Amino acid sequence: MAIEKGATQLVGAKVEFKSLKVDLFKMLISGKGLQVTNPDNTMKNLFEVDRIAFQINPFALSEKKVIIEEISLE
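Letter by letter, the sequence shown follows residues 27 to 100 of this note's numbering.
Worth flagging that the hints you see were computed from the coordinates, not collected in a lab.
Given the structure is predicted, the values throughout are model-derived calculations rather than measurements.
The reader is advised that the hints may include incorrect statements.
[As the list claims (entries may be wrong)] With a cut-off of at most 20 Å between alpha-carbon atoms, the simulated SDA-like pairs for lysine to any residue come out as follows:
(1) K40 with G57
(2) K58 with Q81
(3) K40 with K52
[To be verified] Label pairs and their computed distance ranges (CB to CB):
(4) K58 with E89: 28 to 34 Å
(5) N83 with T34: 20 to 26 Å
(6) K90 with D66: 28 to 34 Å
(7) A28 with P65: 32 to 38 Å
(8) V92 with M69: 27 to 33 Å
(9) N64 with P84: 32 to 38 Å
(10) A86 with Q35: 16 to 22 Å
(11) D76 with K52: 18 to 24 Å
(12) N67 with K90: 32 to 38 Å
(13) T34 with A79: 17 to 23 Å
(14) T68 with K91: 30 to 36 Å
(15) K52 with L72: 25 to 31 Å
From the three backbone atoms N, C-alpha and C, an ideal C-beta is built for every residue, glycine too.
Please take these sequences and the hints and turn them into a complete structure.
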C-alpha cells in the first residue's frame with residue numbers, strides 16, 4: 027500500500043494498518059490498527075493506535091504539499 031510505504035520511509039520504521047480507507051470526496055483518510063515498529067528493536071512496536079483519521083487540505087495538494095487540517099486518534 028502506497029500510504030504505508032510512504033509513511034515507512036518518512037519515519038524510518040515499518041508502518042502498517044489493518045484496514046485503511048481513503049475518501050477523496052471528503053479528503054479524509056481513516057484507518058484501524060495502526061502499528062509503527064521500533065527501528066531499534068524491530069520485534070517490538072514503537073506505538074499502536076486503534077483508530078486514526080486525517081482530514082487533508084485539498085488546496086495544498088495542487089502545490090504538491092500535504093497539510094493535515096485535523097487528526098484524531100483513539
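To see whether the hints hold, each was checked on the structure:
| no. | hint | in the structure |
| --- | --- | --- |
| 1 | K40 with G57 | 16 Å, holds |
| 2 | K58 with Q81 | 15 Å, holds |
| 3 | K40 with K52 | 27 Å, violated |
| 4 | K58 with E89: 28 to 34 Å | 30 Å, holds |
| 5 | N83 with T34: 20 to 26 Å | 23 Å, holds |
| 6 | K90 with D66: 28 to 34 Å | 32 Å, holds |
| 7 | A28 with P65: 32 to 38 Å | 21 Å, violated |
| 8 | V92 with M69: 27 to 33 Å | 31 Å, holds |
| 9 | N64 with P84: 32 to 38 Å | 34 Å, holds |
| 10 | A86 with Q35: 16 to 22 Å | 20 Å, holds |
| 11 | D76 with K52: 18 to 24 Å | 21 Å, holds |
| 12 | N67 with K90: 32 to 38 Å | 35 Å, holds |
| 13 | T34 with A79: 17 to 23 Å | 20 Å, holds |
| 14 | T68 with K91: 30 to 36 Å | 31 Å, holds |
| 15 | K52 with L72: 25 to 31 Å | 29 Å, holds |
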